[in-house]
Structures are given as C-alpha cells and as structure tokens.
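> As a plain string of letters, each chain reads:
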Amino acid sequence: MMMKALIRKQFGEYFSSYYVDRKTGKPCSKGRVTAKFIGFAVLCLFLCAMFSLQALGLGQILDPETTEALQAAGMAAADFDPGRLYFTLMGILSILMGTFGSVFNTYAGMYLAKDNDILLSMPIPPRRILASRLIGVYGLALLYSAMIWLPSCVVYCILSPAVTPAAVILQALLLFIIPFFVSVLTCVMGWIVALVSGKLKNKSFITVLISLVCFGLYYFICFKFGDFMQTLISNGAAVDAGLNRWVRFLCWMGEGATGSFLSFLIFTGITAVLCIITFLVLSRSFFHIALHTAPAGNSGKAVKKASAQISAGAKSPRKALYMRELQRFTSSPTYMLNCGLGLVMLPVISVVLLINANSFMPAITMLAQTSPLLENALVPAVLLLVGFMAAINCISTPSVSLEGKSLWILRSLPVTGKQVLQAKLMLHVSLGALPVCVSVLLVGIAAGCTPLQCVLMVIFGFLFTVYTGLFGLILGVQRPDFNWTNETYPIKQSSNVLLALLAGWGANLLLPGLCWAAGLIMDPTLSLGLTTALEALVCFLLLRIMNTKSAARFDRL
Amino acid sequence: MLKIEHLTKTYDNQKKAVDDLSLHILPGEIYGFIGHNGAGKTTTIRSVTGLLPFDAGEITIDGINIKEDPIACKKIIAYIPDNPDLYAFMTGVKYLNFVADIYGVDAGTRQQRIREYADLFELTDALGQTISAYSHGMKQKLAVIGALIHDPKLIIMDEPFVGLDPKATHLLKELMHKKCAEGCSFFFSTHVLEVAEKLCDKVAIIKQGRLIRSGTMEEVKGDESLEDVFLELSEEGAAQ
Chain V
1 MMMKALIRKQ FGEYFSSYYV DRKTGKPCSK GRVTAKFIGF AVLCLFLCAM FSLQALGLGQ
61 ILDPETTEAL QAAGMAAADF DPGRLYFTLM GILSILMGTF GSVFNTYAGM YLAKDNDILL
121 SMPIPPRRIL ASRLIGVYGL ALLYSAMIWL PSCVVYCILS PAVTPAAVIL QALLLFIIPF
181 FVSVLTCVMG WIVALVSGKL KNKSFITVLI SLVCFGLYYF ICFKFGDFMQ TLISNGAAVD
241 AGLNRWVRFL CWMGEGATGS FLSFLIFTGI TAVLCIITFL VLSRSFFHIA LHTAPAGNSG
301 KAVKKASAQI SAGAKSPRKA LYMRELQRFT SSPTYMLNCG LGLVMLPVIS VVLLINANSF
361 MPAITMLAQT SPLLENALVP AVLLLVGFMA AINCISTPSV SLEGKSLWIL RSLPVTGKQV
421 LQAKLMLHVS LGALPVCVSV LLVGIAAGCT PLQCVLMVIF GFLFTVYTGL FGLILGVQRP
481 DFNWTNETYP IKQSSNVLLA LLAGWGANLL LPGLCWAAGL IMDPTLSLGL TTALEALVCF
541 LLLRIMNTKS AARFDRL
Chain F
1 MLKIEHLTKT YDNQKKAVDD LSLHILPGEI YGFIGHNGAG KTTTIRSVTG LLPFDAGEIT
61 IDGINIKEDP IACKKIIAYI PDNPDLYAFM TGVKYLNFVA DIYGVDAGTR QQRIREYADL
121 FELTDALGQT ISAYSHGMKQ KLAVIGALIH DPKLIIMDEP FVGLDPKATH LLKELMHKKC
181 AEGCSFFFST HVLEVAEKLC DKVAIIKQGR LIRSGTMEEV KGDESLEDVF LELSEEGAAQ
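Those sequence lines, one after another, are chains V and F.
Read in order, the letters of the first sequence are residues 1 to 557 in the numbering used here.
Read in order, the letters of the second sequence are residues 1 to 240 in the numbering used here.
Take every hint as true, because none was put in to throw you off.
Listed next, the in silico DSSO-like pairs over lysine-lysine satisfying Cα-Cα at most 30 Å (straight line): (1) F/Lys221 - F/Lys16; (2) V/Lys549 - F/Lys67; (3) F/Lys75 - V/Lys319; (4) F/Lys139 - V/Lys315; (5) F/Lys16 - V/Lys405; (6) V/Lys30 - V/Lys4; (7) F/Lys153 - V/Lys405; (8) F/Lys207 - V/Lys405; (9) F/Lys153 - V/Lys315; (10) F/Lys75 - V/Lys405; (11) F/Lys153 - V/Lys319; (12) V/Lys315 - F/Lys179; (13) F/Lys153 - F/Lys207; (14) F/Lys207 - F/Lys16; (15) F/Lys139 - V/Lys9; (16) V/Lys418 - V/Lys549; (17) F/Lys75 - V/Lys418; (18) F/Lys3 - V/Lys418; (19) F/Lys207 - F/Lys221; (20) F/Lys173 - F/Lys3; (21) V/Lys418 - F/Lys153; (22) V/Lys405 - F/Lys67; (23) F/Lys3 - V/Lys405; (24) F/Lys67 - F/Lys179; (25) V/Lys549 - F/Lys16; (26) F/Lys67 - V/Lys315; (27) F/Lys15 - V/Lys405; (28) F/Lys179 - F/Lys153; (29) F/Lys75 - F/Lys179; (30) F/Lys139 - V/Lys405; (31) F/Lys139 - V/Lys319; (32) F/Lys221 - F/Lys167; (33) F/Lys15 - F/Lys3; (34) F/Lys139 - V/Lys492; (35) F/Lys75 - V/Lys315; (36) V/Lys405 - F/Lys167; (37) V/Lys418 - F/Lys139; (38) F/Lys75 - V/Lys549.
Source of the hints: derived by calculation from the structure; they are not laboratory data.
Using the sequences and the accompanying hints, generate a full structural model.
The following block contains the structure:
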C-alpha cells in the first residue's frame with residue numbers, strides 16, 4: 001500500500017507535465033496529451049535512427065566474408081564469434097549512454113529532491129523511499145540505453161545470417177536487464193557525486209569538469225568511430241580476445257544476445273547480485289546523504305569570506321541582477337551542463353577543425369566544384385555547423401521558471417520586469433556570444449572565407465546568440481512553471497527547453513538556407529550581409545516583444 | 001503612511017477574498033492585522049506590496065498609488081513573507097548585498113547596517129554559508145535583515161514571528177519599537193494575539209474578507225483581552 005503510494009507519487013511527478021497544465025493546474029485535453037507523447041516518440045525515434053548508423057558501421061563485422069578473411073589470414077581463431085563482439089561493443093555503448101545520460105538525474109532526483117525532508121519525516125522506511133526513487137532511475141536508464149540497444153538488435157537481425165528465435169528473445173530480455181546494470185553504475189556514480197559534493201567547496205565547477213571529461217571521452221569515441229571501425233574489422237579477433245580477457249562479464253552479455261542461454265543467465269545473475277548489493281549499500285547511507293547534501297560548513301574561512309563580502313563595494317541594480325543570474329548559473333551543475341554545454345564544445349570543435357583543415361578542405365573544395373549549386377555553399381555550411389552547436393545553449397529558457405518560490409523577492413523589490421529580463425538576456429549573451437563568435441571565426445578561417453565574410457559571420461553568430469536568448473526568454477515568460485520540486489524539471493524536462501532548442505535549430509536551417517539561396521543569384525558576401533541584416537531585424541522585433549509584452553507579463557506573474 | 005481604501009479582490013473561483021476593506025496607518029505606528037486562516041490577511045498584504053493585482057479600491061503608500069507607480073512604492077517599503085523562500089544558491093551575505101544593490105544602498109551604509117543587524121540577530125557567523133543550509137528561523141532572520149537594509153518607511157510582514165526563537169522574537173519586537181520611534185511604520189499579520197496586544201498601537205480584525213473591527217488597541221478590546229474580543233467576534237460571525 002505504502003510502496004504503491006510512493007510509486008504513484010513518483011510517476012505522477014514524472015508524467016505530470018504530460019497530463020496537467022502546470023501553469024493552470026488543470027488537466028490537459030486528450031489531444032494535447034497525445035501530441036506531447038507523439039513529440040516525445042518522434043524525438044526518441046530520431047535518436048534511434050542516429051545510433052542505427054553506428055550499429056550499421058559496426059555491423060560490417062557480421063558479414064561472413066569478413067570472418068572468413070580474418071580466419072584465412074590467421075588473425076582469428078576458429079571459434080571467433082562476430083555476433084558476440086558486435087553485441088559486446090554495442091552493449092558497452094548502450095551502458096555508457098545510459099550511465100552518462102542519467103547520472104546527474106539520479107543525483108538530483110535521489111539526493112536533492114525537495115520532498116526528501118517531508119518523506120523522511122513520515123513513517124516511511126528510507127529503503128522504500130529509495131526504492132521508489134530507484135524505479136525512476138531504472139526508467140531513465142531504460143530510455144537511454146534502449147536508444148542504442150534497440151537499433152543494434154534490429155541491425156543485427158538484418159545483417160547477421162545466424163539469427164535464431166532464441167537470440168531474438170534473449171535480446172528482448174536484455175533490453176530490460178541492461179538498464180539494471182546501468183542503474184547500478186548511475187547509483188554508484190550519483191552516490192559518489194553526492195558524497196563528494198558534501199565536502200567540496202567549488203563542487204559545481206568540479207562536477208561540471210568531471211562531466212565534461214566524460215562527455216569529451218564519449219564524443220572522442222564517437223568522433224573516432226570510423227577509424228575504430230576500420231581497426232576493428234581488420235583486428236576484430238584481437239579486440240574480441242582483449243574484451244574476453246578484460247571485460248568477460250560484458251562478453252557474457254554479448255554472447256547472451258546471440259542466443260547463448262548460459263551466458264545470458266550468468267550476466268543476469270551477476271547484474272542481480274550487483275543490484276542487491278547497491279541497494280543495500282545505498283539504503284544504509286540514503287538517510288544520511290539525503291539530509292546532508294545541503295552545503296553546511298560554518299568554517300572560519302566562510303566567516304572570513306563573509307566579513308570580506310560585507311565590505312564589498314556597491315553595484316548598480318542592473319549589475320546586481322546580472323550577478324544574481326550568474327551565481328544561479330554557476331551554482332548548479334545541472335544548469336551548466338544542460339544549458340551551457342555548447343559554451344565549451346564550440347571552441348573545442350572549432351580548434352579541432354582549424355587544426356585539421358588541411359585534411360578535409362581539399363575534399364570540400366572539390367565537392368563544391370561538382371555542382372554550381374554547391375559553389376557558394378561554404379559560408380552557409382559554416383553558419384549551419386556553428387549554429388547547430390550554438391542553439392544547444394539555452395541558458396535563458398529555464399531562467400524564469402527557476403525563480404520558483406523565490407519569485408516574491410524580485411516582485412517585492414523596486415525593479416521592473418524589463419530589468420529582470422534584460423539581466424537574464426545579458427547572462428545568455430555574455431556567456432554565449434564569445435564562444436560562438438570565436439568558433440565561427442575559427443571555422444571561417446579553416447574554411448578559407450574572406451576577411452569580410454569572416455567579420456559578417458562573427459556578427460551573424462553574435463546575433464544568433466541574441467536570437468536564441470530572446471526566444472528562450474520570451475518562451476520562458478509565456479510558459480513559466482514555478483511549481484517544481486527538483487530544478488531538473490525546468491532545466492531538462494520542461495517542454496520550453498525542447499521548443500527553444502527546436503526553434504534554434506529551425507532558425508539555423510532557415511537563415512543559412514536563405515543565405516545560400518540568395519547566394520545563387522547574387523554575390524555570396526552580399527547575400528551573407530543581407531541575411532545578417534534580416535537576422536538583426538528579427539532580433540530587434542523579439543527585443544521589442546521582450547521589453548514590452550514579456551516584461552508586462554513578468555510583472556503580473 | 002499607508003492608506004487602503006475600499007480594497008476588493010476576487011479570485012478565479014469568484015470568491016471575494018477581500019471585500020471593501022479600508023485601513024489607514026500613520027507614520028510611526030505598529031498596526032496588527034488579525035484573522036482566521038483564509039480570512040484575507042495574506043491577500044491584503046500581497047496587494048499592498050504590489051505582488052497581487054486587485055479588482056477595486058486604492059492603495060497609497062506615502063501618497064504614492066501602488067498601481068500607478070509600483071516601483072516608487074517598493075522603494076520605500078519592505079516585505080517579509082510568511083515563508084521566506086530565499087535564493088538557496090546564494091550565501092547570506094551575497095543575498096544581503098544583492099538587496100542592498102537593488103535599493104542603491106552605498107557600501108559604507110550597508111556595511112554598517114549588515115554588521116549591526118547580523119550581530120543583533122546572531123547571524124554574522126552564518127553569513128558565509130549558502131542559504132540552502134539555513135534553518136527556517138535563520139532564513140526568517142536573514143529576510144528581516146534584508147528588509148531593514150535600505151531603512152524603509154513602511155515594513156509589511158506576514159506572520160513575522162513564526163519560526164523565530166524567543167530571543168529573536170524579543171529582539172524583533174524591540175527593533176520594531178526602535179524603528180517606530182524613528183518614524184517607520186509596521187503593518188503585520190499574526191495569529192499570536194498576545195504579541196499583537198502588547199506590541200501594536202492599532203489593530204484590525206478581518207473575517208471572510210471583511211473588516212469587522214479596527215482602531216486603537218483600547219478601542220478594539222476595551223477592558224477585555226484581545227483574545228476574548230477576537231473569539232467573541234468570530235462566534236458572532238458564525239452565529240450570523
């Protein structure tokens with residue numbers, strides 16, 4: 001009964017945004033609920049399609065001719081199983097995806113949930129609270145890992161000549177067992193993050209740094225996937241032997257997916273034991289960590305720092321509002337990682353492109369010469385590439401909802417909605433514009449654009465940042481949600497963020513598209529100038545809306 | 001200092017939360033506002049502070065209409081809600097500096113005021129901690145310091161004594177008297193009738209959105225205790 005109520009509460013929280021209009025608190029219409037679920041399904045399908053390409057690349061190893069060639073060359077033993085290698089590697093990718101995708105959700109949802117206190121104050125054993133939260137962790141792990149595992153199974157069934165009904169059944173069962181293993185990893189990592197964050201001073205930055213290293217590794221693997229495939233196909237047997245030696249446990253998963261019932265049982269058994277151990281360890285520490293993750297430490301240093309800050313100089317209201325936004329952003333790893341990832345990714349990718357320009361530019365130049373339509377496509381391509389990454393920065397979008405229950409402070413202070421919104425926009429632009437402008441400049445140089453084109457592209461990049469900031473902010477004021485219990489909701493799960501992302505990508509297709517189309521009938525630099533002017537006009541109009549309608553609406557919130 | 005004339009506020013459910021309420025608060029007065037849960041106290045307070053739009057009536061603070069110039073009004077008032085949800089991501093001192101920046105309090109004055117009030121409420125050592133680590137009472141104290149930092153002419157408080165320890169309650173009451181002597185006015189709601197009786201110059205009793213009695217403490221309670229009068233008035237309302 002109690003557990004049922006907890007699970008109902010947990011899932012009610014997860015799915016409330018689908019069934020209830022959080023602004024009015026009224027149930028959504030059936031049509032709206034259906035539309036929300038369809039939108040979500042389309043997004044998942046899109047990601048599955050992306051990962052299918054990776055599975056197809058690795059699937060080359062399933063070709064019997066490849067195996068025969070390796071065996072003929074003496075590079076593979078007679079018992080070399082390409083199916084096992086395929087599923088072991090795709091399984092590892094699936095586990096990585098599941099783990100990195102949900103570790104911070106696990107941390108925020110389990111240890112930082114605002115209802116931890118109230119639940120722990122009730123006569124509910126902490127184990128049950130933990131179990132109800134873990135069901136959510138499992139659900140998220142299932143979602144992320146399935147996005148790779150499902151396409152892998154489909155590709156295997158298409159490409160492999162050795163598909164058996166047993167293999168298909170075990171693959172289907174593994175779809176639900178792998179997330180248990182992922183949950184173990186995310187719980188352990190979330191637990192470590194919770195423990196460490198209780199002791200660290202600059203924990204937000206350190207958490208972000210660790211996450212960025214993990215993301216970097218993940219993207220490095222993805223980036224090098226082509227080379228990796230070639231190496232794998234020519235050294236498949238050696239890789240298989242290495243995996244067998246070092247991660248035998250995961251090879252059992254791979255073997256299980258090809259139809260080996262015994263391997264499947266071993267993998268499932270070990271996963272079950274790991275789950276039980278993790279649950280027991282977590283349930284012992286959950287009560288303590290959930291109540292002590294809030295930073296304390298009335299240390300001498302904190303007192304000294306406070307004394308120093310009391311004597312800090314005064315700031316203008318405008319700067320004070322800006323600093324408040326900056327403090328909020330830098331205090332939350334979830335906010336920084338989900339809404340500011342592009343700030344780091346953009347310069348990194350640009351530098352990589354600049355360094356490797358000599359290796360890909362001749363091919364691009366040759367490609368451009370194959371058709372008159374592609375002749376002037378270089379500038380729009382640069383804008384498209386950088387814009388795609390820039391649109392990921394949606395710092396301004398959740399900022400209104402993040403005011404949450406503290407909104408009364410701004411409303412009772414002598415500041416206007418316009419001033420508040422301008423501070424939020426300023427944060428978005430001040431953090432986002434520089435990486436975008438630097439990136440567009442670097443990529444422009446790498447692509448061999450003229451100095452004038454580079455200057456125009458930098459202006460274009462700056463205006464694009466302003467556009468994404470304004471659009472996200474207007475959306476945030478239009479559809480605010482102050483009733484969250486976990487900041488992950490407005491930052492990650494809110495439809496506003498998805499809409500802002502799609503609007504950013506939409507504009508990113510439209511504007512470079514216009515630039516390219518206009519370039520067919522006029523000078524490419526002129527078409528770039530005109531597109532930039534159009535973008536400036538759009539920004540001006542959005543700025544007007546923000547300063548008038550949105551500001552007035554904010555004052556009434 | 002504060003003039004509320006015929007204030008009426010109706011929510012979406014068509015229920016009148018406040019109905020034709022009028023109050024006048026003079027400079028240097030402590031005005032208590034009492035009533036049952038859901039009587040309309042918080043609605044009135046939120047309307048006065050410009051947090052809630054109202055349907056009819058007029059509110060002026062120091063002669064300035066809250067609807068016409070809310071920013072000018074907010075510059076001379078301070079508000080402390082019943083449950084101060086402050087910025088959990090800030091430290092106490094950063095929060096106070098933020099509020100001081102918004103009100104344009106110069107560095108020297110803010111330094112002196114933060115030290116004075118933080119020492120008074122024994123919060124100085126905790127100012128370096130993030131607010132997320134504060135207890136309810138500490139947040140309440142911080143909200144009080146934040147409200148005093150710009151030396152407002154009118155302080156509006158919703159249940160200010162909830163969560164404060166006895167010493168802090170005593171200090172706040174002392175501080176209210178001291179500020180009143182300097183010309184500052186207080187308008188606050190409370191359920192603690194004994195405190196209201198000892199502290200307030202004037203009191204208003206609200207029931208179901210309507211003002212049922214107001215005036216000086218003597219006018220309202222006569223020879224009885226405020227608690228007796230309040231209960232009598234409540235029962236009269238119930239009998240009607």
